[in-house]
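> Go by the hints and put chain B onto chain A.
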Amino acid sequence: MITSKFNMNLIQLKALLLKEYREAFRDKRALMVALGLAILAPIGIMLMSKIMIEKLVDEPPVYVKFVGAEHAPKLISHFADKNLFNFSDVPEDERSTWEKRNIAIEIPADYAADMAEGKPIKLHLQADFTDKAVQPPVRRINNAVREFSMSIGYKRLLLRGVDIRLLNPVKLIEQDTAKPDATFMLISMMLGVYLMLAAFMSGLSVAIDSSAGERERNVLEMLLCQPVSTLKIVLAKLISASTVSVIGVLLILVLTSISMSFVDLTKIGATFNLDFSTAIVLLLLLLPICFFATACQLFVAFQTKSFKEAQSTVGMLIGIPAFIPFVVSMMDDRPDWVNWLPISGQSMIIEKIFKGADVDWLAVFATSSVTIAITAALVLGLAKKLKSEKVVMALS
Amino acid sequence: MIEVNNLHKSFIDKKDKKNSVKALDGLSFTAKDGEITGILGPNGAGKTTCLRTLYGLLSADEGFATIDGISVTESPLEARSKLGIFPDKFGLYERLTAYEQIDYFASLHGMTGKSKKQAIEQVIQDLELGELAHRKTVGFSQGQRMKVTLAQALVHQPQNFVLDEPTRGLDVMSTRILRNHLAKFKAKGHCILFSSHVMQEVAALCDRVIIVANGKLAAQGTPQELCELAGEKNLEEAFVKLIGSDEGVAA
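Residue numbers (my numbering), protein chains in the order written: chain A, 1 to 396; chain B, 1 to 251.
Wrong hints could be hidden among the right ones.
[Unchecked claim] Using 25 angstroms as the maximum straight-line C-alpha spacing, the simulated PhoX-like pairs for lysine-lysine come out as follows:
#	chain 1	residue 1	chain 2	residue 2
1	B	Lys14	A	Lys305
2	B	Lys82	A	Lys387
3	A	Lys384	B	Lys82
4	A	Lys308	B	Lys89
5	A	Lys14	B	Lys82
6	B	Lys18	A	Lys390
7	A	Lys232	B	Lys89
8	B	Lys116	A	Lys14
9	A	Lys387	B	Lys15
10	A	Lys385	B	Lys14
11	A	Lys308	A	Lys384
12	B	Lys114	A	Lys14
13	B	Lys188	B	Lys117
14	B	Lys15	A	Lys390
15	A	Lys305	B	Lys15
16	A	Lys28	B	Lys136
17	B	Lys114	A	Lys5
18	A	Lys387	B	Lys22
19	A	Lys5	B	Lys82
20	B	Lys89	A	Lys385
21	A	Lys14	B	Lys136
22	A	Lys232	A	Lys385
23	A	Lys232	B	Lys117
24	B	Lys15	A	Lys308
25	B	Lys14	A	Lys308
26	A	Lys390	B	Lys32
27	A	Lys305	B	Lys17
28	A	Lys387	B	Lys89
29	B	Lys116	A	Lys5
Don't read these hints as lab results, they were simulated from the structure.
Isolated chain A, as found in the complex (with noise of 0.2 angstroms):
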């Protein structure tokens, strides 16, 4: 007996759960739409970087007044690749700035001469050093000029048998311990943001659509006329929503991970990594979360009155993963119990996994059991509600 009703139990839930999944998915348009955001983000996040690297690492044109250009071509073609041009080439506009901060260099006639022999040329590099705007085009060319010599140096030696790698016997790593660069902060805040955000928003139309959707298009009321317990209705209503959402945090975290491999963070001194084991811690904490939205997006939509009020209350709901992170890393003194809860503890975790930081794994089980917790909370409460006629009759 006690195993039929097993069996009976698996049955119904096996039932409810494939007829959750056959409409969540067969309604491709709401589908797309939620996972839209999911493919959206990554893109928004590698294109946000991009820019924000070409301002820091932007190098304007440099106008220098060359003597004697014409002795050393190949020179001046490595200084036009490195952005510095002929004063003689300065656009209009500027003429007036790169005329007032004159910086000149003079190639010696015998420079071709020299080369050939293998002596050493002096370039003569003449400017204000003191006047900031010279600064960084004088470090420019100090950095072409530089490049281009090793870069000659190198190959004769390569020529003559030796290994270049015989001129670099020690080699300075930097590891900056430093907090890392504000912008790059704002990227990774913003990943941990929108992570937060596609688990609340992946499942949002699933929920609304099997709650009160399905109360609308009056095929609830038939259902809960069926000898089934209220509790697997949510519960296969919850994991067909989560579902979904589960599959938007996977798409953002598989997205991302291949958009920013395009994105050369090295370049702001930032590291990005976005590795298998982190993509997986991410994942781990985000799952409680993802049941944990669904959960309150059903007992919300549950519990009002038509679709279009569940739409618009659940889409409030919104707002708080989207305000919680932010708050919460706003805070200096933060109490303990912020650590426990659902979203500002992940979003803590999260924060802290960007930084560079090792993974709190008791922090991970402990704001984990509490989002657990609390979900488990809501679908017993949602379980017992949708026994009570108001809610099912949709009763004021």
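Only chain B this time, still in chain A's reference frame:
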């Protein structure tokens, strides 16, 4: 067997007490196995409220309802498993095919494997749904929707059927199919309770008729008895007379 005993149900408007509705006011009746029992009543008489209480969707303020002796409030799941329901408001899952919907409800009643498949095939054949079975139900006509809903309600061959105006919107052919179906189940000893507005149908099909007015039992008996009670020749005249007069309540 379905038994309804002294049901009371009020819908109270909290803001304006005057808007409160007393939907059921001590309704009692019994629908026996092997009989088709019809509930007749004017609009707003409390038929649907009574049936909803029977499904366990509404809880009565007073009184009780039992299905095969099982109280619908105490063990609703067990009571519902003995019930096939064709509700007042019904919708279909428009993203599923007719077959999938029937399958869904069959599974909810714990059917699996071959026996489930056979039962589904049987009910599809009985209700002549064959051509529609594997089409998504979006765009089905009213009659086709009714048939799918009927199939859902009948697939697990419940001991008791409750049908809330099952023939509205059905064409003659479909009504006949349904009638034959109900007669067959009656012969097998099932208990069938259905509400209707169509007098001829009630007269032709029902063994017993329960007339409900203002949430109370106005009269009950065979169609013939009711006509005699009211002193009228046809059921429609009898019905009008019985709900109009308080004498009927005494019967």
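> Take the hints in turn and mark each one as holding or not.
Okay, the hints, checked on the actual structure:
no. : hint                : in the structure
1   : B:Lys14 x A:Lys305  : holds, 16 angstroms
2   : B:Lys82 x A:Lys387  : holds, 19 angstroms
3   : A:Lys384 x B:Lys82  : holds, 23 angstroms
4   : A:Lys308 x B:Lys89  : holds, 20 angstroms
5   : A:Lys14 x B:Lys82   : holds, 21 angstroms
6   : B:Lys18 x A:Lys390  : holds, 20 angstroms
7   : A:Lys232 x B:Lys89  : holds, 23 angstroms
8   : B:Lys116 x A:Lys14  : holds, 14 angstroms
9   : A:Lys387 x B:Lys15  : holds, 24 angstroms
10  : A:Lys385 x B:Lys14  : holds, 20 angstroms
11  : A:Lys308 x A:Lys384 : holds, 24 angstroms
12  : B:Lys114 x A:Lys14  : holds, 17 angstroms
13  : B:Lys188 x B:Lys117 : holds, 22 angstroms
14  : B:Lys15 x A:Lys390  : holds, 16 angstroms
15  : A:Lys305 x B:Lys15  : holds, 17 angstroms
16  : A:Lys28 x B:Lys136  : holds, 15 angstroms
17  : B:Lys114 x A:Lys5   : holds, 19 angstroms
18  : A:Lys387 x B:Lys22  : holds, 22 angstroms
19  : A:Lys5 x B:Lys82    : holds, 16 angstroms
20  : B:Lys89 x A:Lys385  : holds, 21 angstroms
21  : A:Lys14 x B:Lys136  : holds, 21 angstroms
22  : A:Lys232 x A:Lys385 : holds, 13 angstroms
23  : A:Lys232 x B:Lys117 : holds, 23 angstroms
24  : B:Lys15 x A:Lys308  : holds, 24 angstroms
25  : B:Lys14 x A:Lys308  : holds, 24 angstroms
26  : A:Lys390 x B:Lys32  : violated, 31 angstroms
27  : A:Lys305 x B:Lys17  : holds, 21 angstroms
28  : A:Lys387 x B:Lys89  : holds, 18 angstroms
29  : B:Lys116 x A:Lys5   : holds, 17 angstroms
When the structure is compared with the earlier hints, a violation turns up for hint 26 alone.
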